[in-house]
Structure formats: C-alpha cells, structure tokens
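Peer 1: Construct all of the structure, not just a fragment, from the sequences and the given hints.
Using my numbering, the final residue of the sequence shown is 331, and nothing's skipped along the way.
Simulated from the structure, these hints should not be mistaken for laboratory data.
All residues carry an ideal CB built from backbone N, CA and C; glycine is no exception.
Taking CB as the label site, the calculated pair distances span: (1) Pro261 with Gly149: 34 to 42 Å; (2) Arg285 with Gly65: 47 to 55 Å; (3) Gly160 with Pro234: 13 to 21 Å; (4) Gly160 with Ala300: 39 to 47 Å; (5) Gly191 with Gly149: 30 to 38 Å.
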Amino acid sequence: MTSLVLPGPVRRVRDAARHRAAVQLREKVAGADARRRADGIWGKAGERWFTPDDPIWRVHLDASMFVAGIRALLLQSLHPLAMAGVDQHSSYRDDPWGRLQQTSNFISTTTFGTIPDAQRLLARVRGIHRRVHGTFDGVEYRADEPRLLAWVHAAEADSFLSCYRAFGGGSLTDGEADTYVAQIGSVSMQLGFDNAPTTVAGLREDLASYRPELRSTPAAQAALRFILWEPPLPPVARPGYLSLVAGAIGTLPPYARRMLGVRTPPGGAALLRGAGCAGAKGVRWMLSDPQVQADRRVNQATDAARRRS
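Peer 2: Shown next, in the form of structure tokens:
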C-alpha cells in the first residue's frame, strides 16, 4: 500500500501543530523549565544505576507511561489508608500539574539521572513521608509505614509494566519483564521497605496479598471523579485525555473496576483498551517531534561522552 504524501503546506501545518503540542505536553509534565531539568538529568556526568540497554529505560521512556500513571493512581486509591494520605495531605486538586511534575521528576531522576542526584531526591522524599500521617476511620496511618510504601510501589510497578505491554511502542520478553520488576523495586525499596518483588509472578502475589485491605472510599470516588470530569484541560484536549483514562480503566483488574463502581458490558474492557492504544499512539506521535527527539539525542550523546571520559 502506498502511503499518503501530504502537500508541503499541509505537512508544514501538521508539523507545526505537532511541535506546539509536544512542547506544551512536555511543559505540563516536566514544568516550564523542562529543558533545564532535562539537561540536569541527561547531561550531567556521573554513574547511573541503569543504562539504555535496561528494560526500565525502555518502559519509562515510552508514551504508555501517560496511561500507566492514571492507572497507578486509580489502583492506589483503593487502599483506604494510602488514599487518606493523598486526600488529607496532597495538592492534587489544587495543583494537579505540580504533583504530576513532581512524580515525573522522581521517575526521571531515579531512572536516568546520576546516582548522587537520585539518592538526594530519595532522601528528600523520605523526609516528606515522615511528615505525612493522620487517622482514617479511627486507624492511624503513616506514609513511611513499610506496608503502605510497598503497596504504592506494587501498584506503580504493575501499572507501568501492564500499560507498556498493552500500549508500548516495543516489547519485553518474560525475562526482561522480570528484570524490569527487579529494577524498579531496587529504587522503591530505598524509600523505606524491604523485599520488593523481583519477578512478575512475585509482583502478582504481592498485589494479591493486599486484596483483603482494599475497598472504595469517598476519597477514592472523589479522585475518580476528578480524573474523569475535572481535569484542568481545555475542551479541545479532553477527548485525547479521556482516551488515556479509558486505557487506564480498561487495564485495571476486574475487581478494581468493580470497587471503583465502573461497570463495563461484555467486551467493554477491550474497547476501553482500544481507546487507550489510540491515545498512547497520539502521545507517541506528538513526542516524535524532531526538535523534542533532537533534544533527547543531544542529551543522551552528551551523557554517554561524559561517562566515557
């Protein structure tokens, strides 16, 4: 089949629109100083925990992370104590982009940054966790409690891996998937818990162990409503965003959808995953903007040269 060749003026308009969308997306996720942050992560000399050959790079650089982040939030919300910490101490309603940028910076720094920078950030997050505590339904919680930290990690690892396998631009062998689980666990354990799963099977067992503790709460339902109906986006961006949300919901375990009150007809989850695939492809197309790709290649090349010197 012959591919469609667009006329020059149409192609230039398309490319300009893609570049504008890519820059706006990058600024939303990484902040207004995204280029400076990228230089600090990619361009700084020093040893890293991981390399471009590692599965964790492949997963965390992929557009499927835009779906995975939403899925992780929805799954994490089903632990009442973890959700109470978010509801009582987080700024996700007042400053959702700021919270997203903090999460993006954490993943980028610990995956791609130098070891000293990653360790400093982990120490700062541990300090924040020590200050987050309270009660929910008469039960005390602390954000630095090891079992809660392990739950947040398991929900994230499962979401990142599941969405990459469903919507990613590449693939992982079963062995590479196990390696990914071990690699992301090696970072998360430094927040204050032990024995993170090192295989996909172990991750599934870990998640299953939390089932008796999970339930929907008013705070979880409020988070779902915010994600679905109150995102701080202009109307033109909402269809694309909702396709990412659809993919997130479609890849959740059936029990999680039931707890959240999301009912799907037979085959409905597959339709949601189809929408998520289209959304991830749209993000991937935006991020294929030549200037964005050039920035990444320059930073990677600079980092590689500095590590060799």
